Amino acid sequence: MSGFTMLAPPKSGRWFRLRVALGLLAGCLLLSAALNAAEPVDVLVQGAEQPEVDDLVAALQKPLKLAIGPFSFWVGTIGPHRVAVSLTGQGLINCTAATLVGIEEFSPKLIVNQGTSGAQAPFLGLHDIIVGRRAVDYGNFVSAPRAAGQGSAPLAWTPVAQRLRDPATGRLVEFPDGFAGDPAALAVALRTRNPMARVFAGIIGSAHEVNLELDRVAWSHRVFGMDVEEMESGHVAALAHAYGVRYIAFRVVSDAPYEGVPFYPLAARATGLFTINFLENLPAL
Amino acid sequence: MRMARFALVLVLLVTAVRAERADVLLAGATDAELKPLLERLTGAHVEKQAAWTFWLGTLAGRKVVLTRTEGDPLNAVAATTLAIRRYGPRLIVTFGSARAHDPSLRAGDVVVSEKFVAFDGMESPFRPEGGGSDALAWTTLPHLLMTPGEKEVPAVTFPADAGALAVARSLRATSGRVVVGVLGSANQVNREADRIARLRAQWGTSCEDGESAHIAGCAQLLGVPVVGWRVIDGAEGDAAALVLPFLEAWK
Numbered sequence: 016m017s018g019f020t021m022l023a024p025p026k027s028g029r030w031f032r033l034r035v036a037l038g039l040l041a042g043c044l045l046l047s048a049a050l051n052a053a054e055p056v057d058v059l060v061q062g063a064e065q066p067e068v069d070d071l072v073a074a075l076q077k078p079l080k081l082a083i084g085p086f087s088f089w090v091g092t093i094g095p096h097r098v099a100v101s102l103t104g105q106g107l108i109n110c111t112a113a114t115l116v117g118i119e120e121f122s123p124k125l126i127v128n129q130g131t132s133g134a135q136a137p138f139l140g141l142h143d144i145i146v147g148r149r150a151v152d153y154g155n156f157v158s159a160p161r162a163a164g165q166g167s168a169p170l171a172w173t174p175v176a177q178r179l180r181d182p183a184t185g186r187l188v189e190f191p192d193g194f195a196g197d198p199a200a201l202a203v204a205l206r207t208r209n210p211m212a213r214v215f216a217g218i219i220g221s222a223h224e225v226n227l228e229l230d231r232v233a234w235s236h237r238v239f240g241m242d243v244e245e246m247e248s249g250h251v252a253a254l255a256h257a258y259g260v261r262y263i264a265f266r267v268v269s270d271a272p273y274e275g276v277p278f279y280p281l282a283a284r285a286t287g288l289f290t291i292n293f294l295e296n297l298p299a300l
Numbered sequence: 016m017r018m019a020r021f022a023l024v025l026v027l028l029v030t031a032v033r034a035e036r037a038d039v040l041l042a043g044a045t046d047a048e049l050k051p052l053l054e055r056l057t058g059a060h061v062e063k064q065a066a067w068t069f070w071l072g073t074l075a076g077r078k079v080v081l082t083r084t085e086g087d088p089l090n091a092v093a094a095t096t097l098a099i100r101r102y103g104p105r106l107i108v109t110f111g112s113a114r115a116h117d118p119s120l121r122a123g124d125v126v127v128s129e130k131f132v133a134f135d136g137m138e139s140p141f142r143p144e145g146g147g148s149d150a151l152a153w154t155t156l157p158h159l160l161m162t163p164g165e166k167e168v169p170a171v172t173f174p175a176d177a178g179a180l181a182v183a184r185s186l187r188a189t190s191g192r193v194v195v196g197v198l199g200s201a202n203q204v205n206r207e208a209d210r211i212a213r214l215r216a217q218w219g220t221s222c223e224d225g226e227s228a229h230i231a232g233c234a235q236l237l238g239v240p241v242v243g244w245r246v247i248d249g250a251e252g253d254a255a256a257l258v259l260p261f262l263e264a265w266k
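From first to last, the protein sequence lines are chains B and F.
One rule links them: number in our numbering = place in the first sequence (from 1) + 15.
One rule links them: number in our numbering = place in the second sequence (from 1) + 15.
Treat the hints with care, since some could be wrong.
[As the list claims (entries may be wrong)] Sample of chain F residues at the chain B side, in silico, Cβ under 8 Å: (1) Glu85; (2) Asp87; (3) Leu160.
Honestly, the hints are just simulated from the structure, not real lab data.
None of these values were measured; they are calculated from a predicted model.
Each residue gets a CB set at the ideal place from its N, CA and C atoms; glycine is no exception.
Given these sequences and hints, build the entire structure.
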């Protein structure tokens, strides 16, 4: 005796044709959904790691998950905004690809890139949040020639600015100071509560680097004005600029070499909760 | 698991079902690198998206798309991602010039990609104030690549497509040898001999350029085969000269 025969009648007759027709219809609907991708959103909120998006995903109303290539997006509403939460993965390669997919599929009016960072300024402590007045790529340089045996002098390297081609003029434009955060979003963020510590406007530096030499940390602070270092904001800022999309970055201090604080991944919760507060404060776009 | 409560919709990464397709994406850093190929491109037309440009047409009987990477990782990964989504290439070719890390390489030698490494990832051990900075003590920080299901996997090196590599290594250089090696990239110009030796010891790099390994990382991330070659201290156009013979031989 088996329930299987009841669930799977012989493959003939009207029942089978009906199932084929229903299957084809479902297939067409799915294909149509796949081709037309997603509805536009107001805000694309990015995090590089799962702890950076968990609280945001949990806060979404009427959520839907979309998998696009290697990337996952969760779409719903927070406050008055339709939001896509994007898990980008760490570093330039992941975040660049994820941002382009996010911009092209969801046409956001504002991108919020948020997550953890290492303090580059001595006044910052664990759970403090920097709201990006600017985000800059600081990992690029040219070194002067030195012969074998003459060592390496990283504090003497010459920084190289990120460049973007201006479609209007066709010229490559250098951005040595990085890219400014959206002034209206910055103002709202500075009136938003961080449930775990303080909030400052500041400068966020991005590179695939973890710098724990305090003299190089001081050099980054002096040369680029950096308050925190991480791996995505400056790259996403460049892409947002290229597409003319408003942009803001929030970075919580998760490690502070001046204070001897090692990386604390749960600090990610502070930016997640801060970003939810920000979205609830942010007027409709 | 909490995520399971969401309805899941799979969306195609490649949008080329609605657009023109190309067999091969050819990625060069500058107008000068691309010029010899653009002059040979037949049935050509140009498409643009934000800061990036795509030249479509036929080369050596194949439908190709050319893009300009600007010679840095961000622009290269952006242009590669857009090209994959728009044109669905079966192969990506990154070509150009490079500076040697392997002291046995000579100007004019062509390094073809056994594999690629993005060597810009570093972590420095703690040093107190006044303790200086010592790049020769830094350790490596490999890139991670996102995979479906929200899993990031470490990727120290990015592989080249075996079939395309076999074709590339059979090419003839204009002046130098063709050798198989590791193409390294970072948005860096390293001219300190000790640091170059350190990078080679840590990452196994044959040479350095501004974007090849980041293109390869993007190719692996989005599941497209890739191959590359670099002419050591090459003039612009030297590497492009190998593209037509490659396309003629590649199946």
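Now the hints, each set against the structure:
Annotation: Glu85(F) was flagged as interfacial toward chain B, and the flag holds, the nearest CB pair being 6 Å apart, inside 8 Å. Hint status for Asp87(F): holds, given a least beta-carbon distance of 7 Å to chain B, under 8 Å. Contact between Leu160(F) and chain B, as hinted, is supported at the beta carbon level, the nearest pair being about 7 Å apart and thus within 8 Å.
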